[in-house]
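Going down the list, the protein sequences come from chains A, B, C and D.
Number 16 in numbering that gives the first Met the number 0 belongs to position 17 of the first sequence; there are no gaps in the numbering.
Number 130 in numbering that gives the first Met the number 0 belongs to position 131 of the second sequence; there are no gaps in the numbering.
Number 89 in numbering that gives the first Met the number 0 belongs to position 90 of the third sequence; there are no gaps in the numbering.
Number 75 in numbering that gives the first Met the number 0 belongs to position 76 of the fourth sequence; there are no gaps in the numbering.
Hints are computed from structural coordinates only; laboratory data are not their basis.
Certain hints may be false.
To be verified - Within a straight-line C-alpha distance of at most 30 angstroms, the following computed BS3-like cross-link-like pairs (lysine-lysine) qualify: (1) C/97 with D/2; (2) C/16 with C/2; (3) B/81 with D/112; (4) D/25 with D/81.
Stated by the list, open to error - Looking from chain C toward chain A, a few residues come up when the C-beta cut is under 10 angstroms (computed): (5) 31; (6) 86; (7) 116.
These numbers come from a predicted model, not from an experiment.
Note that beta-carbon positions come from the ideal geometry of N, C-alpha and C, so glycine has one too.
4 protein chains.
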Amino acid sequence: MMKHTPSDPQFEPKVRKSFQNQPMMKTFEATLTKVEPGGVEIVLPYRSQLTQQHGFLHAGAVATCLDNACGYAALSLAPSGKEVLTVEYKVNFLSPAKGTQLIARGHVTKAGKNLSVCHANAYINNNNQEKLVATMLATIIAVDKHKY
Amino acid sequence: MMKHTPSDPQFEPKVRKSFQNQPMMKTFEATLTKVEPGGVEIVLPYRSQLTQQHGFLHAGAVATCLDNACGYAALSLAPSGKEVLTVEYKVNFLSPAKGTQLIARGHVTKAGKNLSVCHANAYINNNNQEKLVATMLATIIAVDKHKY
Amino acid sequence: MMKHTPSDPQFEPKVRKSFQNQPMMKTFEATLTKVEPGGVEIVLPYRSQLTQQHGFLHAGAVATCLDNACGYAALSLAPSGKEVLTVEYKVNFLSPAKGTQLIARGHVTKAGKNLSVCHANAYINNNNQEKLVATMLATIIAVDKHKY
Amino acid sequence: MMKHTPSDPQFEPKVRKSFQNQPMMKTFEATLTKVEPGGVEIVLPYRSQLTQQHGFLHAGAVATCLDNACGYAALSLAPSGKEVLTVEYKVNFLSPAKGTQLIARGHVTKAGKNLSVCHANAYINNNNQEKLVATMLATIIAVDKHKY
Chain A
0 MMKHTPSDPQ
10 FEPKVRKSFQ
20 NQPMMKTFEA
30 TLTKVEPGGV
40 EIVLPYRSQL
50 TQQHGFLHAG
60 AVATCLDNAC
70 GYAALSLAPS
80 GKEVLTVEYK
90 VNFLSPAKGT
100 QLIARGHVTK
110 AGKNLSVCHA
120 NAYINNNNQE
130 KLVATMLATI
140 IAVDKHKY
Chain B
0 MMKHTPSDPQ
10 FEPKVRKSFQ
20 NQPMMKTFEA
30 TLTKVEPGGV
40 EIVLPYRSQL
50 TQQHGFLHAG
60 AVATCLDNAC
70 GYAALSLAPS
80 GKEVLTVEYK
90 VNFLSPAKGT
100 QLIARGHVTK
110 AGKNLSVCHA
120 NAYINNNNQE
130 KLVATMLATI
140 IAVDKHKY
Chain C
0 MMKHTPSDPQ
10 FEPKVRKSFQ
20 NQPMMKTFEA
30 TLTKVEPGGV
40 EIVLPYRSQL
50 TQQHGFLHAG
60 AVATCLDNAC
70 GYAALSLAPS
80 GKEVLTVEYK
90 VNFLSPAKGT
100 QLIARGHVTK
110 AGKNLSVCHA
120 NAYINNNNQE
130 KLVATMLATI
140 IAVDKHKY
Chain D
0 MMKHTPSDPQ
10 FEPKVRKSFQ
20 NQPMMKTFEA
30 TLTKVEPGGV
40 EIVLPYRSQL
50 TQQHGFLHAG
60 AVATCLDNAC
70 GYAALSLAPS
80 GKEVLTVEYK
90 VNFLSPAKGT
100 QLIARGHVTK
110 AGKNLSVCHA
120 NAYINNNNQE
130 KLVATMLATI
140 IAVDKHKY
């Protein structure tokens with residue numbers, strides 16, 4: 000994984016503040032467990048409210064965490080005064096997500112002036128063993144704050 | 000849009016039952032408003048719990064509804080005794096999703112024996128005007144019930 | 000399909016000129032058969048040089064035509080002095096592409112100031128019957144000419 | 000990168016034979032430079048016939064090599080008597096592909112009984128320095144030989 004240098008020295012509090020301002024993450028009871036330059040980790044505890052018809056975490060819950068992992072990885076490298084939006088993503092679901100917690104790790108593959116490309120993987124944790132359950136490839140755009 | 004003939008005459012109750020068995024849809028307070036052969040519609044009322052940091056519906060909430068719209072469109076054409084899983088999808092976000100409700104419409108583009116390809120669009124409704132906010136292209140697989 | 004108004008009245012010669020300047024299209028012997036505001040059509044005659052190991056048109060040949068159909072659909076709506084580049088695309092292959100010619104039709108789903116989202120479908124033509132063989136969802140960016 | 004055990008001891012000649020049977024790869028003058036269990040490398044020399052309007056390798060040429068890198072990575076792990084087809088892929092283009100040769104490396108992320116998920120990266124080589132120019136995430140299906 001590539002080493003990145005953040006242009007905003009306040010990248011960690013910036014990312015953490017934005018994450019805390021997402022009501023969706025509170026609804027999910029997800030937490031931001033790591034913030035590094037170009038990479039973040041989000042943990043989602045298994046909750047039956049977020050499942051599909053077979054008792055596994057809903058693909059939508061998995062994708063939401065992966066999407067945020069990509070977005071916040073990109074935000075960690077964005078200049079001060081910028082925000083990020085997801086342009087698009089593609090996600091493959093590899094295995095059913097049943098376990099005590101989901102761990103989504105995102106990192107920046109290519110940091111561009113406006114557009115960044117990020118990868119993220121989601122792992123389900125069972126008895127301290129991690130299993131890859133989904134993988135994402137996303138395009139994130141940096142925009143001026145309060146632009147819309 | 001193509002006309003499809005469902006192989007399972009009980010396609011509508013089958014789809015409705017599966018939808019009702021998704022706790023995630025209850026958590027979202029989403030409803031299944033239309034079920035036709037090869038196409039479904041899901042409506043998600045705007046709720047602040049499902050927003051991101053700017054007060055718009057979170058991309059994850061939009062994608063979850065689109066994913067379900069694709070999956071249930073595929074299920075409507077699947078033979079009796081089959082279930083569907085999302086293999087993968089790609090979604091583009093076109094505009095911020097702020098309005099009174101989100102309407103996700105999915106349809107089957109190619110119905111295969113095992114793999115189906117589906118498109119879905121999400122519209123935000125404001126003052127009875129619909130605006131396209133996201134579009135998805137998904138691969139859905141039909142598997143034997145209780146296979147896992 | 001949406002009606003679009005081109006901002007550049009010279010959109011058709013502009014698109015045709017760019018297409019003619021692609022050596023790849025000459026190598027493929029593909030032709031640009033329609034240029035409308037927000038939509039283009041490209042025809043690729045079947046040639047054994049462009050096939051995979053079973054004698055069908057290679058997925059790469061199909062995707063190349065779809066990608067160009069998306070890009071030129073976006074270029075048709077771009078302001079004068081702009082060029083377009085493909086940010087990313089996703090393509091599903093639905094059926095083997097064996098027939099006398101491939102027809103790729105692309106159109107703009109959302110025309111943005113910088114980023115446009117386009118859909119394209121590829122059909123194989125056999126005995127004057129068209130069959131859908133692939134579908135694409137793409138993100139295209141408009142950049143200043145000679146920017147790089 | 001994960002270690003994979005091939006189920007077919009003849010995986011290398013099988014992959015090489017299939018590659019040689021692709022007229023498209025001959026047209027491109029691409030070569031298969033590495034075949035390992037779950038991973039392959041394809042090299043495409045820069046040729047003006049495969050360029051777009053600015054003299055860079057056409058996105059379609061890059062994607063074709065990435066697609067093949069994914070497909071042959073999956074084939075290397077497939078049981079004897081199986082062939083592979085690309086279900087779908089998504090590719091992001093990160094930088095213009097101008098250089099003496101393109102190197103596409105694909106590997107299997109999840110090997111399934113029928114469906115495999117693969118990642119691939121394309122690098123452009125200039126003065127013995129590699130630069131990442133595109134990244135792909137693909138779904139590959141294994142089917143019985145001569146099934147169609």
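> Which numbered hints does this structure break?
Replying inline: 1 and 5
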